[in-house]
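These protein sequence lines are chains B and V, in that order.
The numbers in our numbering rise by one with no breaks, and the one at position 358 of the first sequence is 358.
The numbers in our numbering rise by one with no breaks, and the one at position 139 of the second sequence is 1139.
Just so you know, the hints here were simulated from the structure itself, not pulled from any lab data.
C-beta: ideal position from N, C-alpha, C; glycine also.
Please note that the accuracy of each hint is not assured.
Restraint-style ranges between C-beta atoms, simulated for each label pair [as the list claims (entries may be wrong)]:
{"hint": "1", "chain 1": "B", "residue 1": "Pro-392", "chain 2": "V", "residue 2": "Lys-1207", "range": "25 to 31 Å"}
{"hint": "2", "chain 1": "B", "residue 1": "Asp-173", "chain 2": "V", "residue 2": "Asp-1105", "range": "58 to 64 Å"}
{"hint": "3", "chain 1": "V", "residue 1": "Asn-1254", "chain 2": "B", "residue 2": "Met-109", "range": "44 to 50 Å"}
{"hint": "4", "chain 1": "V", "residue 1": "Leu-1257", "chain 2": "B", "residue 2": "Ala-296", "range": "57 to 63 Å"}
For lysine to any residue, the following SDA-like pairs were computed, each having C-alpha atoms within a straight-line distance of at most 25 Å [claimed, not checked]:
{"hint": "5", "chain 1": "V", "residue 1": "Lys-1100", "chain 2": "B", "residue 2": "Thr-405"}
{"hint": "6", "chain 1": "V", "residue 1": "Lys-1234", "chain 2": "B", "residue 2": "Phe-422"}
{"hint": "7", "chain 1": "V", "residue 1": "Lys-1100", "chain 2": "V", "residue 2": "Lys-1116"}
{"hint": "8", "chain 1": "V", "residue 1": "Lys-1253", "chain 2": "B", "residue 2": "Asn-457"}
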Amino acid sequence: MALQPIDHFCETLDPHVKKAITAASVGSTNAQKAILERDYPGDKTDHLRSLANAIKGGDLAGNLEKAVASLERNGITVLFAKDGAEARDIIYNIIKEREAKNVVKIKSMTTEEIELNHFLQEKGMDVVETDLGELIIQIENEKPSHIVKPAIHRTRGDIAESFVKHNIAEKYDDNPNHLTLAARKYLREKYFAADVVVSGANYVLAEEGAIVLCTNEGNSRFSMAGAKTHIALVGFEKVIPSAKELAVFLNLLARSATGQTSTAYTDFVAGPGKSKNSPKEMFLVFLDNGRSDILASESAEILKCIRCGACMNRCPVFRLVGGHAYRATYPGPLGIVLSPLLAGDKLATLADLPKACSLCGACGEVCPAKIPLPDLILKNRDKVKKQHIHVPNDINFWPFKLLATTPWMWKSAMAMSKAANFLPLSWIKFGPAGRWFKSRTIPRINGGNFRNWFKKNG
Amino acid sequence: MFVPPENRIKGKKVNFMATCLCDAIFDKAAINSVELLKKFGAEVEFLSNQTCCGQPAFNSGDFASARAVIEHTMKVFGANDYPIVIPSGSCAAMLFHSSKIAFRDADEAKRKEVDKFADRIWEFCDYLVNVLGVEKIGGKFKAKVAVHNSCHSKGSGTPEAMKKLLTTIEGLELVDFDGSDDCCGFGGTFSVVMPELSAEMGEAKVKAITAKNPDLITAADTSCLMHQKGIADKHGIKYPAKHVAQLFYEAMKNGGLI
Ligand code: SF4
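Extracted from the complex, chain B is given alone in its bound form (with noise of 0.2 Å):
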C-alpha cells in the first residue's frame, strides 16, 4: 500500500524512538501550560499572546530601516543576503578575508536553514556547534530533530556511543552528567581557539540596534569571548521596534519551549568590543531567503513565530514521527507552513508536508504568537491543488462534489447504500477504503433511514 513519505516514516520508525519523542513532547507541553497557568491565570496568557501577534504584526519594513541605522550607529556591519547562497558566500568571505578557520556556532536555526555547516566544512574549516543537543547530531552529521530540543530522538545510550566514536568522551558513560562534562571539556578547547564566532539571533531591538540570544547553558558567552569576529545571521522578521516590547516575548519564549519562566542566560549584543571579552568587530547578516514572498502572501502570519516549539510539542503528528520525517529545516505545525512556503518553486519536493495534520488545532492553541496555524496549514493545501501537484493518496471529488450538488442523486444514493451491508468491504484492500479497513471497521450502513422517519414524524 503507498503510503505518504511521513506515514510511511511513523509506520517504520524504531519504537523506542518513537516513545522517546512522545514522552519528551509531552512533557513540554504539560510544563508549558502548568507554568502559564500559574504565572498568567486566566485569560492573562492569551492577553500576552494577543500582544505578541500584534507587536509582530507591525510595521517590519518601518522596523527594519530603523535598526539597520541603529545597528549601523553601533558599530555592527549590516549586510543583506536574498537567499541562502548568497548568504553562505557573505559568510565565508568574511572569514576567510580574516584568513581565519576555527568556527564556534551558537545554535541557530536560520544556518540550518542555509545549510551553512557544511558549506563551511567542505571549504576546509573547523566548526563546531558549542550548543549541546546540536553538537550531539552534528558529530553524527544529523539535522535537528525539533527547533529547540535538536537532538529530540537520540537515547543517553546513543549519544554516549557517539561520544566514544567522535573522541569526545574516552569510554562510554550514559551518565547525562558524565556526557555533558564531557562534552564541556571537549568545547573548552574549541572556544580557546575560536576566530569566528556564528550565531542567528532570538531578537533584534530595532530602537537600541541591539541582538538577542537566549540560551541555556552559557554556550553562547563562552563563544563570544574566545572569537575576535563575530557574525549573525537573521531572518529579518526578526526584528521588533524595541526593548520595552521585547519584555513580552521574553515573558513568552522560555515558558512556551521549555516550561523555564526565562532562559538561563539572555544576552544583549549592541556591537563590537563593548567589553573586554568581546568580539572586536560584528557583522549582521539579514536573510529573506523567500521571506520577502511569504511577507506578500497571505501566509504572512507564519513571520510572527518566535521558534519556541510549542506547536510541534503538541502535534500528534509530530508526537510520533519526530522532526527528521519532515525532510526540512523546520518541522510539526511551523514547518507544515514555513517550509513548503520557503520552498518557492520547488513546492513539489515538499507538498505533502501540509497534509501531516488531523487539523486537530492543537497547535494553534498553544502558539504564543496566535497565529492561526490550522487556517495556514488549509491554505497550504489549497496552494498545492491550485498548482496541480499530485500527493501520494489524494483523493479525486468530483464524484463526490457530483453527488453533494446533485439532491436527487444523493437521496437515491443514500436509499442504495444500505445494499453495501451484504458486500465484503473489508476484502478491498486498495484504495481510500482499502485504507480505512486495514485498521478499522465500519458501521452498519442506515442510509435513507432518517429521511422516512422524518417523512412520517417530522
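Given chain B, put chain V with the ligand in place with the hints provided.
Positioned in the frame of chain B, the structure of chain V with the ligand alone reads:
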C-alpha cells in the same frame, strides 16, 4: 480553535441539517436530535435537498469542490432564514469557520453571503443550551460515561453545554481519562490519506478511554466515534459508543420524560 461568530441568529424555528454521516449511517442520532429539539420547544424543518457541508473536499485541499457543495447547501437553506442545527461539532465548524477560508478570494457579495450563512450555524448541544435555554435533561441513565470532545467543537459552546446537560442526568457518572484534549486521529480524510498515523492516534485514544472502563463513550460528533469504534473493533475491544443525542433521549425515556 474554530470559534463561531459572535452574534449568531437565534430562534425557535430551525432547520435540521442531518450531515452525510447521519444520513447514511447514524440515523438514530439524527432522529433523537430532532425529537429532543421538538421536546424542548423548537419547530423543526428538514429541507430534503440538503446533502453535506463540503468538509471532505475542503480538508483535502480541494476548495473548488468544497465551494460547489457549500454553494449548494447555502442555496438549499436559502429557503428560509432560520438557524441551522447540526448534530456534529465538526460540520458546524466547517460552516461557521472554514467556509470563510474556502471563499476568502471570492467577491465581496459572496463573502458576505458566506458570513451571513455562518451566523445561522449551531451545533446541537450548543443550540439546546444557548438558544433554547435548556437547563436540564433529567431522566436516568445509570452508567459511567466518557466524553470525547471533538477537536472542532472545542472553540464553541459545545463542550460546556454537553457537560452541563450530562450532569443533570441521574445515575450518570462522568469519567476522566488521559489525553482527553488529544485528537483521536480521524480528521476526516486524514484517516485515509495518513492511515498509519491516524490508526496510531486512534489506538492511543481507545486505550486511554478503555483504561477507565466506561460503560459508554459519547460525543457530539458521530465521525470521531465511528473511527474510534472501528479501531477498537479491529482489536477486539468492546467500545460501546453513542452520539450524545441518543444518550439524552434514552435518559429521558428511562425517566419517563419523553
Ligand atoms: S508557530 Fe507558534 S508555537 Fe510554533 S514555534 Fe512558532 S511561535 Fe512557537
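Inset, instruction - Please test the hint of 25 to 31 Å on the beta carbon pair from Pro-392 of chain B and Lys-1207 of chain V. - result: holds, 29 Å
Legend entry - Distance restraint between Lys-1100 of chain V and Lys-1116 of chain V, which requires alpha-carbon spacing of 25 Å or less: Within the cut-off at roughly 10 Å; holds.
Inset, instruction - Could you tell me whether the CB distance from Asp-173 of chain B to Asp-1105 of chain V stays inside 58 to 64 Å? - result: holds, 59 Å
Inset, instruction - Determine whether the Cβ-Cβ distance between Asn-1254 of chain V and Met-109 of chain B falls within the hinted range of 44 to 50 Å. - result: Distance hint for Asn-1254 of chain V, Met-109 of chain B is violated at roughly 58 Å.
Inset, instruction - Take the C-alpha atoms of Lys-1234 of chain V and Phe-422 of chain B, compute the straight-line distance between them, and say whether it is at most 25 Å. - result: Distance of about 19 Å is within 25 Å: holds.
Legend entry - 25 Å limit on alpha-carbon distance, applied to hinted pair Lys-1253 of chain V and Asn-457 of chain B: holds, 18 Å
Legend entry - Agreement of Lys-1100 of chain V and Thr-405 of chain B with the hint, judged by alpha carbon distance not exceeding 25 Å: Cα-Cα ~19 Å, so holds.
Legend entry - C-beta pair Leu-1257 of chain V, Ala-296 of chain B: status relative to the range 57 to 63 Å that was hinted: holds, 60 Å
In this structure, only the earlier hint numbered 3 is contradicted, and the remaining ones agree with it.
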